[in-house]
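Visitor: Please take these sequences and the hints and turn them into a complete structure.
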Amino acid sequence: MDLDTLIQVLDSTIRLATPLLLACLAGLFSERAGIFDIGLEGKMLIAAFFSAAVAFSTGSVWIGVLAGIAASLAMSAIHGLASITFRGNQLISGVALNFLASGLTVLIAQSWFSQGGRTPSLPDGARFAEITLPFAESLRDVPIFGPIYADLISGHSALVYIGFAMVPLTWWVLFRTRFGLRLRAVGEAPEAVDTAGISVTGLRFAAVGICGVLCGLAGAYLATGLQAGFVREMTAGRGYIALAALIFAKWRPWYALGACLLFGFLQAIALRYQNIDLGAFVVPVQVMDALPYILTVVILAGFVGKAIPPRAGGEPYVKER
Amino acid sequence: MTAPAIELKGISKAFGPVQANKDIAIRVMPGTIHGIIGENGAGKSTLMSILYGFYKADAGEIFINGKKTEIPDSQAAIKAGIGMVFQHFKLVQNFTVLENVILGAEDGRMLKPSLAKARGVLKHLAKEYELNVDPDARIEDLSVGHQQRVEILKALYREADILILDEPTGVLTPAEADHLFRILEGLRAQGKTIILITHKLREIMEITDTVSVMRRGEMTATVKTAETTPEQLAELMVGRKVLLRVDKTPATPGRAVLEIDNLSLTDDAGVARLKGISLTVHAGEILGIAGVSGNGQSELLKVLGGYAPAATGSIKVNGTPIDLTGKNSDGQSRRARGIAHVPEDRQHEGLILQYSAWENTVFGYHRDPGWQNGILMDNAAIRTEAAAKMERYDVRPPNPNLAARNFSGGNQQKIVLAREIERDPDVLLIGQPTRGVDIGAIEFIHQQIVALRDSGKAILLVSVELDEIFSLSDRIAVMFDGQIMGERMPDDTDQTELGLLMAGVTEMPKDKPLIAAVDAQLEAKAEKAAQQNG
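Top to bottom, those sequences are chains X and C.
According to this note's numbering, the residues represented by the first sequence are 1 to 321, in order.
According to this note's numbering, the residues represented by the second sequence are 1 to 534, in order.
FYI, nobody ran anything at the bench for these hints, they're computed from the structure.
Quick reminder that beta carbons are idealized off the backbone N, C-alpha and C, glycines included.
None of the hints are false.
In silico DSS-like links for lysine-lysine, alpha-carbon gap of 30 Å or less:
hint: 1; chain 1: X; residue 1: K319; chain 2: C; residue 2: K68
hint: 2; chain 1: X; residue 1: K319; chain 2: C; residue 2: K90
hint: 3; chain 1: X; residue 1: K319; chain 2: C; residue 2: K56
hint: 4; chain 1: C; residue 1: K200; chain 2: C; residue 2: K224
hint: 5; chain 1: C; residue 1: K68; chain 2: C; residue 2: K79
hint: 6; chain 1: C; residue 1: K22; chain 2: X; residue 2: K319
hint: 7; chain 1: X; residue 1: K250; chain 2: C; residue 2: K112
hint: 8; chain 1: C; residue 1: K67; chain 2: X; residue 2: K319
hint: 9; chain 1: C; residue 1: K79; chain 2: X; residue 2: K319
hint: 10; chain 1: X; residue 1: K319; chain 2: C; residue 2: K9
hint: 11; chain 1: C; residue 1: K248; chain 2: C; residue 2: K200
hint: 12; chain 1: X; residue 1: K319; chain 2: C; residue 2: K200
hint: 13; chain 1: X; residue 1: K250; chain 2: C; residue 2: K90
hint: 14; chain 1: C; residue 1: K68; chain 2: C; residue 2: K56
hint: 15; chain 1: C; residue 1: K123; chain 2: C; residue 2: K90
Okay, the calculated beta carbon distance ranges per label pair:
hint: 16; chain 1: X; residue 1: V95; chain 2: C; residue 2: L353; range: 22 to 32 Å
hint: 17; chain 1: X; residue 1: K250; chain 2: C; residue 2: A256; range: 50 to 60 Å
hint: 18; chain 1: X; residue 1: T5; chain 2: C; residue 2: K327; range: 57 to 67 Å
hint: 19; chain 1: C; residue 1: K123; chain 2: X; residue 2: E233; range: 56 to 66 Å
hint: 20; chain 1: C; residue 1: S12; chain 2: X; residue 2: V298; range: 54 to 64 Å
hint: 21; chain 1: X; residue 1: V95; chain 2: C; residue 2: K275; range: 48 to 58 Å
hint: 22; chain 1: C; residue 1: A59; chain 2: X; residue 2: E233; range: 53 to 63 Å
hint: 23; chain 1: X; residue 1: V283; chain 2: C; residue 2: G170; range: 52 to 62 Å
Guide: Given below as structure tokens:
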């Protein structure tokens, strides 16, 4: 594999890792606060649709992104209402929202655009342009570094850079601010937060809200960055892979970056090579697709360190004596 | 005259039809330790939860330092200078001590300055009150006693002047409890007001200045501790005369029923938990195992009960060895061999809390032919029998359909006892029989154990309560670090000697300063030895 091919694969890795990363960090905020969210998939899907639909109608990608975030936030609000306010089962609520998103997007798409459950292809202004970083062209000729800077680091859409910037930001919020301390505490021991005189409900809604915003960005990127428009089920299980990455990352931001890059890389390989011929035998593309899940099961089985979820995760908080 | 630190007037609180607090009035003077004693369910915790803003009272007024104060939530209680140490700690396990201390009391949005400030304050508090804890240690790595110190530190960091402790010694070893009391005395000396909720009479007598007694939601009396006796308090608590001493005749031990020889056990982490334990329990005898918790008693019970990993050595029941490691080494087989087990942790090992009482009365014996109806279980028969058992063991409320979690600690223990004793075992293993059990029920449970002994059974009792060991045992073995440090007859020993054995000291070094009682005892011992040698 020469440098050009490698850079192409890595470039594709970054693009494919971005939605995973945004969704993974979304899940991280929610689960660190004790609310399991299997509905990342649905939130991304509904955000993808509304961002594409609104971007198409208004011609502005940023208004589209805002619409995607709003749609995702609405789903978050339902999840919060069900699992925080009414102390329902978080998994059931999440699964229900996934079904809702899956059906609703196609239904509305068909009724608005009559193109078989998709939005029309987005024209240039309605999707994200690639940003060329300063000096990308003039540095291109520098050996090794030039192509890496010009082709790999430069030339992505704004949401890619936002996604990667979210990693240190998430780390900083979680581990350096008062809000982060309380958020982590509420996912571990909500009774400690409650007796300290802080609202458990408020904190958890805040976390679920952040989750909604990040999922909105992830979905918007799919429809307006990675591709030019919405097609049915376009998330294709990315929400679940993001959950797998979250477990793989042991609920930590920097590990999440690593996990999402790894899973993005696997997708990039699968996309580029289909079946991989190793001489002795051929690795079918399905193996690459399944690899994130297999790796997650391996992690969960405790072969590679231990993934301990937040202690109060999945449990509604009930005040007791 | 100074205003009381806390004054409650006419506090009432009902949960549905249950009147948890009825027209409560209490005055707690500043700079004192005020005990509140009462049985489980007497309303102590409810009252304190109202004071801490966890519940809102239906009626009544709260005065803090003479000023009428509304306490709608915990934040308001903290602001009024009230700190609470709950029975079940409210700590974030994977946070450091510092992080737990500042949680909810941070200065500003960034953590760094708060952590630095807390570090300084903690250092100061550690010096002033003997509250030493490593500020950077994670809670999960700390002993229970240290975790409790963190809870106290949390309250002090919030500048609490009034500290409420709910059953603080329930989870502590005797040494830890002593240290806690020293801390409390230090706090009192600094003018802090302390409310100590407990059901242990000894603690009340030892440390409080004033004591209030609660029974069935009402405050029945408030007296000066110096002017009362444990017997009087017990009577006020229960509403009738209570025997604090167990009434029992001398034992008449028969043949050896349970023979343990050179039993050893190494746990998964490779730590030796039992190191060559040899014990014999005879028919009609209670052998008490004393020791600070965590010295192998739990493992001993688990091996005997059939749910610990492989062990070496031998155990015989009625002269026949039992299978230690093979397929007949499980709890089912142990029960078939006549070993009944009342586990130390009744809520996790003794009962399935969300199952009903009648289901809980057959666990472990559910394959008995008597409970079968073809391939189905004869639930009607089990239910009828459960109702009868609950009647005989005075389980309240006597409703077999109620989930086990809805019974008080004492009544849960009675359900376990009924299940194990009624099967007429040869050996009864019983761990911490009265942990978290109120006085009235303790009396009943002790009577049952003694009655079982009198019917000729061999009983192995494990308890961390020395009082209980003394009042029940016919013979006492002391465990330390997985070994038996010695056996004593209750009449030939005292708390001091057992305390030393529990700390692993069989002979005290001469050059150490010792309290007078220990000195005298050692001198007597040395004299005896000298006489024997000379």
